[in-house]
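**Student:** In case you want the letters, here they are:
Number of protein chains: 2
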Amino acid sequence: MDISGLLTSAGINTGLCLVFFSLYSVLSKQPSNESVYFGQRLAQLRLKRRRGRLSFDRFVPSPSWIVKAWEASEEEILACGGLDALVFLRMVVFSCRIFSIAAIICIFLVLPLNYFGKEMRHRYIPSESLEVFTIGNVKEGSRWLWAHCFALYIISCSACVLLYFEYKNITRMRLAHIIGSSLSPSQFTILVRGIPWSPEESYSEIVRKFYTNYYATSYLSHQIVYRSGTVQKIMSDAAKMYEMIKCTSTEQNFGSRLIRCGLCGGTTHSFKVLASEPESVQRQNDFTESDLKEKECGAALVFFRTRYAAVIASQGLQSSNPMLWVTDLAPEPHDVYWKNLSIPYRQLWIRRITTLLASIGLMILFVIPVGFVQSLLHLEEIQKKFPFLRGVLKNKVIVRVVTGYLPSVILMLFLYAVPPAMMLFSTIEGPISRSGRKKSACFKVLYFLIWNVFFVNVLSGTAIERLVVVSSAKDVAAQLATAVPKQATFFMTYVLTSGWASLSSEIMQPYMLLCNFFNKFILRNNNDPSNGTLSFPYHTEVPRVLLFGFLGFTYSLLAPLILPFLLVYFFLANLVYRNQILNIYVTRYQTGGKFWPTMHYTTIFSLVLTQVIAMGVFGLKKSTVVSAFTVPLIICTLLFNEYCRRRFHPIFKDNPAQVLIDMDRNDEQCGRMEEIYKQLQSVYCQFASTSNAVCNTVP
Amino acid sequence: MDISGLLTSAGINTGLCLVFFSLYSVLSKQPSNESVYFGQRLAQLRLKRRRGRLSFDRFVPSPSWIVKAWEASEEEILACGGLDALVFLRMVVFSCRIFSIAAIICIFLVLPLNYFGKEMRHRYIPSESLEVFTIGNVKEGSRWLWAHCFALYIISCSACVLLYFEYKNITRMRLAHIIGSSLSPSQFTILVRGIPWSPEESYSEIVRKFYTNYYATSYLSHQIVYRSGTVQKIMSDAAKMYEMIKCTSTEQNFGSRLIRCGLCGGTTHSFKVLASEPESVQRQNDFTESDLKEKECGAALVFFRTRYAAVIASQGLQSSNPMLWVTDLAPEPHDVYWKNLSIPYRQLWIRRITTLLASIGLMILFVIPVGFVQSLLHLEEIQKKFPFLRGVLKNKVIVRVVTGYLPSVILMLFLYAVPPAMMLFSTIEGPISRSGRKKSACFKVLYFLIWNVFFVNVLSGTAIERLVVVSSAKDVAAQLATAVPKQATFFMTYVLTSGWASLSSEIMQPYMLLCNFFNKFILRNNNDPSNGTLSFPYHTEVPRVLLFGFLGFTYSLLAPLILPFLLVYFFLANLVYRNQILNIYVTRYQTGGKFWPTMHYTTIFSLVLTQVIAMGVFGLKKSTVVSAFTVPLIICTLLFNEYCRRRFHPIFKDNPAQVLIDMDRNDEQCGRMEEIYKQLQSVYCQFASTSNAVCNTVP
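As they're listed, the protein sequences go chains A and B.
Counting from 1, one number per residue, gives the positions in the first sequence under full-length UniProt numbering.
Counting from 1, one number per residue, gives the positions in the second sequence under full-length UniProt numbering.
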């Protein structure tokens with residue numbers, strides 16, 4: 001591919017982006033789309049929808065949303081999206097910063113050196129091959145490689161400095177979040193699983209005895225988890241039936257009054273009995289309470305008098321059989337994934353292993369579509385194998401589209417299926433919270449992307465004829481150094497298509513828009529089923545941003561032309577995600593910034609891989625001294641990572657005792673405790689429809 | 001090598017073993033060697049040494065020590081050597097059992113199949129090559145490989161069953177050990193490191209404030225750790241000088257009385273002042289107390305009122321800066337490694353990384369002697385390179401010694417240097433307890449042995465001409481399957497020489513014997529400097545036993561002839577180690593059975609590796625169905641391991657809360673607590689020589 005091919009791709013994508021952004025600007029002004037584009041505000045304010053006047057203004061694209069998104073302060077983001085959203089945006093901002101530095105260094109220092117690296121006659125720039133701009137163009141043993149090494153040092157050091165301050169800042173924010181959510185019931189609650197079964201006593205009785213015996217001073221009450229698979233179904237079916245009968249009864253009441261009232265007096269009365277609420281609910285509850293005692297499962301939420309007592313009870317080994325009385329801090333009430341709480345604890349490890357194997361299987365099977373995509377980049381191979389295509393592939397425009405656009409599109413389409421699959425795996429795994437499930441899916445998707453988008457592309461690109469992916473374990477650095485630069489073109493187009501297009505799709509929300517359109521204008525239904533239920537898809541967006549960061553680091557030195565496109569991506573991403581967090585997504589649960597360590601470690605991994613590849617490249621260029629000079633950099637980066645892991649990471653795993661004790665004291669002095677205890681009795685509701693019956697905690 | 005070569009080696013070693021064991025029997029009856037062979041009894045009873053009569057009985061070897069060792073019950077072992085010794089012996093017993101089963105299966109089923117595996121004319125057995133008895137002799141695609149697969153299933157299943165019951169049993173013993181050591185001060189004590197520094201207050205003051213603030217109800221007192229590097233040196237120098245002066249003064253007192261008393265009256269008096277104990281110690285203490293306040297370091301032992309409170313305070317995150325107030329449960333008083341307590345906490349991670357790198361470096365550098373040993377096995381290669389050796393190597397006896405004996409001896413000599421080096425690394429690493437240091441050294445030596453004795457031998461054996469050790473990462477199983485069986489001969493002789501000889505050397509204690517001889521008969525000194533200070537060298541013996549187990553598993557199917565030699569080794573080891581634990585080693589500190597998980601995981605690793613190698617071998621023999629049949633076995637073994645890890649391992653990391661709370665209640669009811677508190681005040685002594693001055697804890 002040459003410069004003009006790249007520019008074609010860039011042109012197509014810039015055009016598409018502009019079109020979509022303008023379209024968004026217009027569509028978001030239509031009152032009928034309010035539920036799509038302002039889901040959060042609707043959920044927060046429950047405002048009465050204005051029936052907008054039909055003005056000219058509504059149909060002119062304007063950049064007002066950009067201004068609003070740009071001007072939103074950190075506090076606003078925190079208020080709208082919680083700490084997770086802020087952490088995510090900090091990641092985007094970090095990427096903007098570091099790649100600005102990298103772009104300045106690499107475009108003004110590295111790019112000219114690459115271009116003039118070999119004594120050769122340069123052609124007219126638009127028809128110049130992209131290879132000329134990569135490190136491949138520097139001749140062997142050149143002194144100019146010192147400049148590359150210098151650029152690598154600058155990028156690594158500034159990345160570490162920025163990462164350190166971000167980590168410090170986010171740790172501070174997490175502590176503030178812990179202190180700030182002082183009324184959160186989850187801080188007083190632990191989840192116990194693996195309660196030992198006894199034929200004489202109910203689980204509830206066993207839990208009460210255990211905690212009154214061993215935690216007498218701090219134990220407050222508990223709430224047993226019920227088997228949800230069957231009960232919940234019965235309950236929700238009953239609730240639905242009741243709702244249906246009530247609806248029909250009231251309708252028929254009206255109807256009968258109007259039409260049948262004179263015919264017979266009995267019918268209206270019989271319907272009225274069913275419709276009168278208190279009695280029927282009472283009857284249902286009787287059924288429930290007697291039935292539920294048999295449906296208890298070996299898990300319970302236990303409430304404590306202080307936060308510190310809850311933390312203590314959630315830590316360490318409780319009983320001499322480690323499979324019994326397994327404790328964890330409970331998630332927030334909205335965050336609890338009730339369905340998984342009833343999974344027997346002894347099943348969990350098998351589930352974890354199974355899903356791990358399934359994820360690895362998916363990662364391996366995905367090589368097939370990636371191999372197909374790669375084959376499109378090697379047109380000569382295809383032409384050899386399928387001679388009938390030769391005529392078509394002579395057309396220059398088609399070649400440009402096929403090599404510059406099609407591979408990424410195909411890959412993107414396949415990739416759309418991955419996050420739901422990983423989410424399914426994470427559900428089967430058995431996490432106790434929705435945020436935990438999302439975090440676990442995020443890891444899986446991240447590993448998947450880095451493996452399948454980067455490594456498989458890189459390695460299969462060099463070894464397209466043989467299926468052996470990793471043929472030799474020795475000198476990985478040299479292997480990568482030969483393979484990675486060759487794929488620069490592919491990844492440039494990948495950033496353009498996948499990156500930019502994903503932002504357009506993110507802001508347009510095509511799926512939601514279609515649903516809304518279908519709902520409003522075809523079904524003529526004014527109830528929005530999705531209103532205020534959309535939560536930020538961290539499991540797709542975090543891995544995507546991290547993948548682009550990863551590509552940015554690895555290619556910054558090798559093919560600096562990728563950096564401008566990446567910078568545009570990150571700046572747009574900053575705007576788009578800010579806008580989405582402020583307007584669309586509703587935060588009903590969060591991890592409290594626990595995504596940051598993932599981001600940090602991925603960035604460090606990218607840095608180290610960049611350094612290793614650079615070392616390999618310098619070695620291949622026969623500049624062993626320069627190559628040796630990168631070794632201390634690798635060691636320092638790893639040491640820096642280790643330091644950060646020790647200095648900051650523990651706060652993302654445990655809540656510090658000192659802080660909790662101080663919070664407890666504060667609340668006790670203010671007399672807020674009684675209020676919290678009262679709240680605890682009813683806040684965790686397994687079956688929302690019959691909250692009164694099931695949520696009564698055992699004192 | 002042929003059978004007769006092997007028998008030569010076995011003969012030499014059996015003879016040596018008999019000689020050494022008889023020698024031990026005689027030597028241990030000599031009263032002068034009591035301190036060498038009965039160190040423990042001497043330490044325990046402080047018995048008056050009997051000046052034995054010169055009877056004929058003393059010079060006749062007798063098997064009485066074998067009977068005594070055999071008859072010792074589990075309780076006696078536990079009383080003499082603690083839980084660690086018992087766990088170690090359980091490992092040996094487990095090995096005896098599993099290799100008895102393996103030997104029966106493999107000798108009666110696998111060995112004949114190997115021998116008659118190919119249609120060939122068998123020679124007279126003594127001159128038959130050892131290769132004939134290995135799996136290499138089975139022809140490709142043979143149905144008899146199903147018998148090998150069956151044997152593998154039997155061995156794996158019985159190993160898992162035995163391991164499960166051992167783990168269960170040892171977990172029970174560990175719980176009993178926790179409950180049994182109810183008066184142990186370490187259960188009430190935590191070690192705090194990373195105390196924040198303040199210019200206004202001393203560390204002691206800061207600790208007192210922190211714990212009275214946050215742990216007011218359970219905090220008892222604390223004891224600051226002092227910088228030992230300088231202070232301890234000054235202190236011990238002072239103590240030594242004082243001791244010296246005292247000695248010389250008393251001597252001179254005597255001397256002056258006899259000779260100089262009439263010349264001047266002043267000299268005796270001036271010496272007497274120095275010699276009078278109370279005053280001078282008082283003076284020294286004055287110096288100490290004022291000096292020590294400046295020498296406090298940021299670590300302290302904090303005592304709590306209950307065991308449970310100590311466990312709570314030792315768990316989780318204490319402060320919002322994870323590098324401050326880092327807590328661990330304290331080791332036993334005898335177990336504390338005081339020197340390391342004063343290391344600033346923030347240094348520890350660097351130390352850990354450094355020692356890790358150093359250990360890996362040592363492992364890699366060790367390839368050089370191993371390569372030399374390997375070259376001795378390939379005599380043809382050597383003859384090619386050094387033609388002048390051809391004459392010498394024509395002598396059959398020399399060839400047998402060189403191939404059958406010399407390589408193992410050289411390897412053994414080099415290996416002697418490894419445990420001290422690893423111990424040094426483990427010391428630098430900064431563990432807080434002696435037992436922790438030993439455990440860490442044990443890991444290092446274990447990895448070292450398995451890597452350097454097994455893998456490097458196996459892989460360099462196949463690739464002696466090229467230096468590339470691991471050339472290909474793909475199909476590891478096939479690689480191992482070709483490489484491992486070739487080294488069967490070497491490992492058989494290794495078991496004979498290294499294994500049997502190590503037992504002879506263990507029971508003879510040649511170094512101690514020489515020291516004792518030198519001390520008693522050359523220096524004429526009756527003080528035994530080593531009396532009662534020798535603790536069991538787990539860091540050399542555990543890895544050794546595990547290595548032989550590892551070799552036994554991997555070669556049981558491939559070359560069953562190794563099993564009889566191994567069985568002899570394990571039966572002898574059982575006797576010898578029992579005897580040593582009962583008589584020689586003194587247990588002043590222990591880990592409480594924490595060596596068992598290491599043993600368990602190593603055995604599982606050996607099993608899985610055996611299965612992988614078997615899979616590879618079956619694959620190479622073109623029996624893909626048999627090969628596929630081993631896959632479920634590998635999966636089941638890994639699942640079994642995961643189950644054990646979840647079911648038993650946590651007890652080896654934490655003490656269960658339930659047990660501790662019950663112990664606390666028991667002691668409170670019995671009124672034993674006050675006694676324990678009193679004991680706590682003085683039991684942790686950093687400077688044993690000036691215990692009064694430093695060990696006063698701050699209430």
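There could be a bad hint or two in this list.
To list a few chain B residues with every Cβ distance to chain A over 10 Å, as calculated [to be verified]: (1) LEU113; (2) ILE125; (3) CYS160; (4) ILE398; (5) SER502; (6) ILE676.
With a straight-line cut-off of 16 Å between C-alpha atoms, the simulated EDC-like cross-links for lysine to aspartate or glutamate are [said to hold, decoys possible]: (7) LYS209/B x GLU642/A; (8) LYS168/A x ASP667/A; (9) LYS209/A x ASP335/B; (10) LYS486/B x ASP2/B; (11) LYS594/B x ASP335/B; (12) LYS29/B x ASP57/B.
Don't read these hints as lab results, they were simulated from the structure.
A virtual CB, placed ideally from N, CA and C, is assigned to each residue, including glycine.
**Student:** Can we trust that ILE398/B is non-interface, i.e. its beta-carbon lies farther than 10 Å from all of chain A?
**Tutor:** 38 Å, holds
**Student:** Quick one: work out the minimum CB distance from SER502/B to chain A and report holds if it exceeds 10 Å, violated otherwise.
**Tutor:** 34 Å, holds
**Student:** Closest CB-CB distance from ILE125/B to chain A, is it above 10 Å?
**Tutor:** 43 Å, holds
**Student:** Tell me if the straight-line CA distance from LYS168/A to ASP667/A falls inside 16 Å.
**Tutor:** Violated, at about 28 Å.
**Student:** Within a Cα-Cα threshold of 16 Å, do LYS29/B and ASP57/B meet the stated pairing?
**Tutor:** 9 Å, holds
**Student:** Would you check whether the claim that LEU113/B is not at the interface survives, using Cβ distances to chain A and the 10 Å cut-off?
**Tutor:** LEU113/B clear of chain A: closest Cβ-Cβ about 35 Å, beyond 10 Å.
**Student:** Would you say CYS160/B is clear of chain A, with no C-beta pair closer than or equal to 10 Å?
**Tutor:** About 17 Å separates CYS160/B from the closest Cβ of chain A, which puts it past 10 Å; holds.
**Student:** Run the distance test for LYS209/A versus ASP335/B: straight-line Cα separation, threshold 16 Å.
**Tutor:** 38 Å, violated
**Student:** For the pair supplied as a hint, LYS209/B and GLU642/A, confirm whether the alpha-carbon distance does not exceed 16 Å.
**Tutor:** 31 Å, violated
**Student:** Is the straight-line distance between the alpha-carbon of LYS594/B and that of ASP335/B 16 Å or less?
**Tutor:** With Cα atoms ~14 Å apart, LYS594/B and ASP335/B stay inside 16 Å; holds.
**Student:** Is the straight-line distance between the alpha-carbon of LYS486/B and that of ASP2/B 16 Å or less?
**Tutor:** 14 Å, holds
**Student:** Measuring Cβ to Cβ, find out whether ILE676/B lies farther than 10 Å from everything in chain A.
**Tutor:** For ILE676/B, whose nearest Cβ neighbour in chain A is about 21 Å away, the distance exceeds 10 Å, so it holds.
Violated hints, in rising order: 7, 8, 9; the structure is consistent with all others.
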